[in-house]
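Trainee: Listed below are the residues making up each chain.
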Amino acid sequence: MAGYVQQFFNGLTLGSLYALIAIGYTMVYGILRLINFAHGEIFMFAGYWMYFLVFLFRLPWWVSAVLAVAVTAAMGVLIERVAYRPLRQAPRVSLLSTAMGVSFLLGNVIIVLPWAGGRQKPFPEVDFMRKIYTLGDVRIQAVTIWVPLIAGACLLGLLFLIYRTKVGRAMRAIATDMETTALMGADINRIISYTFLVGSALAAIGGILWGCRYPQLYWNLGILPGLRSFTAAVVGGIGNILGAMIGGFILGFGEILFVAFLPRYSGFRDALIFSLLILFLLFRPTGILGKPLKEKV
Amino acid sequence: MFEVSGLHVFYGGIHALQGISLAVPERSVVTLLGANGAGKTTTLRAIMGLVRPREGQITLDGNSLIGRKPYEIVRMGISMAPEGRRIFPDLTVWENLLLGAYSRTDTKGISRDLNLVFSLFPRLAERKIQRGGTLSGGEQQMLAVSRALMAHPRLLLLDEPSLGLAPVLITELYRAFQRLREEGRTILLVEQNARAALSLADYGYVLETGRIVAHGPQQELKDTDLVRQAYLGI
Ligand SMILES: Nc1ncnc2c1ncn2[C@@H]1O[C@H](COP(=O)(O)OP(=O)(O)OP(=O)(O)O)[C@@H](O)[C@H]1O
Ligand SMILES: [Mg+2]
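Chains as they are written, first to last, in the numbering used here: chain A, 1 to 297; chain D, 298 to 531.
Hints may be right or wrong, so weigh each one.
To be verified - Restricting the straight-line Cα-Cα distance to at most 25 Å, the calculated cross-link-like pairs of lysine-lysine (DSS-like) are: (1) D:K405 x A:K166; (2) D:K366 x A:K166; (3) A:K166 x D:K425; (4) D:K405 x D:K425.
Hints are computed from structural coordinates only; laboratory data are not their basis.
Predicted, not measured: the structure shown is a model, and the values here were computed from it.
Sequences are here, hints too, so could you generate the full structure?
Mentor: Right, dumping it as structure tokens:
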């Protein structure tokens, strides 16, 4: 029994992290029909910013966290501005290969950066996350409560932004018809920048929470969580924000259950996740919630 | 108030507009008539900044619109109900209307305009929380016109509003246009349906393969052989 409760919290934690990252993939795909391969590196960078700010600049962890989210979100906006925007009218392959290029570039920046490169770095410790609560024979790590709570608050905030604000309305509109959204008097470039801002900020929050849970940093840290979250976005229906959240939790719980019940095969989990991705792309590319995608003209 | 002069637009090698000039005086309804492929939509797209003309001038109160982005042109006071309605299907009627007011911050003015469009088209008021994609074709056209009105434009552009609608609906729509006209709105109305358009407009232009071939006050235009034969079928 105690084991189930712990596994439940583990699943919730992982699921909420995947959900946070998946949002960025799905929002950008919805608007630009671009798989933003650099998104995993954005996620990874947030952890490194925490490292730099806490260990090199000696800032308190919470100041560092706020700054790390801000700087990482700004990176996302900048990437769109310099790498993707000039290619908006170009064939989609150019955009995709550019995104891969940016992804490699960011990963390699960490490798060559004097303060970051070389071996793994520790993620700064955040005390209240390291507590362990015991209730009878159930032991629950504080981090598995705080991560879902913080992530959940962010996801609710996002839903409010998307469905209840003017900018959110424009983001939904732009995803179905960019030109007509421009005719409404909205500055398309600005809305796209906001989209990257929001998606990258959520990935950054995810990156910091991830660090609290798994406190090592390395240059390719973003690749697997990125691919799994992308799978979550596809499972939920790419382009669909609620779908990305649901997909994130499906993947998080699925992964934890798989590892818990079939520990001998835990090495196959990514093989399984990517089979899931391929199966969905082949047989249900619109995911659980998505409706048939109309090809953009 | 609004003027287009010597406008040339190319799509690759296709010379779609070959020196169009037209004027829309304040508080008047001007129609631009033409057959399929004449260049009507291209003219409106050039005005809204969606295609860039190679040559020519477009001015609102003497200010040039050339090279400006669509959102800047909306802010200057022009809005358009595009060809094919282009409703946002997943957004509600209400959300579609609010998007039309995107460039505005005057909440009082916005609610005044919401009242106006609901009184023009009471069916929209009944369908506020319905998704745009679930509306009938006629209702979608009403929504497209209303959405453009929500920008409170000084000049309203309408691209073939009667396209694909049953005669009763065309009548209903044009009754609303008539009310806007009586209010003193300034409208540039693109149509193939010359009969409907000339019943409303003060002045008309006839476009053929990228050139203006006739223009004049509504009454004179109705009596020209060209319009009688080609557009009114008399
Ligand atoms: N994006 C485009 N690329 C190439 N040619 C185009 C494009 N858009 C329009 N054209 C051409 O320009 C000409 C004018 O087209 P336009 O859409 O302005 O006509 P229209 O008068 O609005 O016709 P309709 O009544 O069918 O809407 C046509 O010959 C059309 O084929
Ligand atoms: Mg047309």
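Trainee: All the hints need checking, so say for each whether the structure fits it.
Mentor: Each hint, compared with the structure:
1. D:K405 x A:K166: With Cα atoms ~16 Å apart, K405 of chain D and K166 of chain A stay inside 25 Å; holds.
2. D:K366 x A:K166: holds (20 Å)
3. A:K166 x D:K425: holds (17 Å)
4. D:K405 x D:K425: holds (19 Å)
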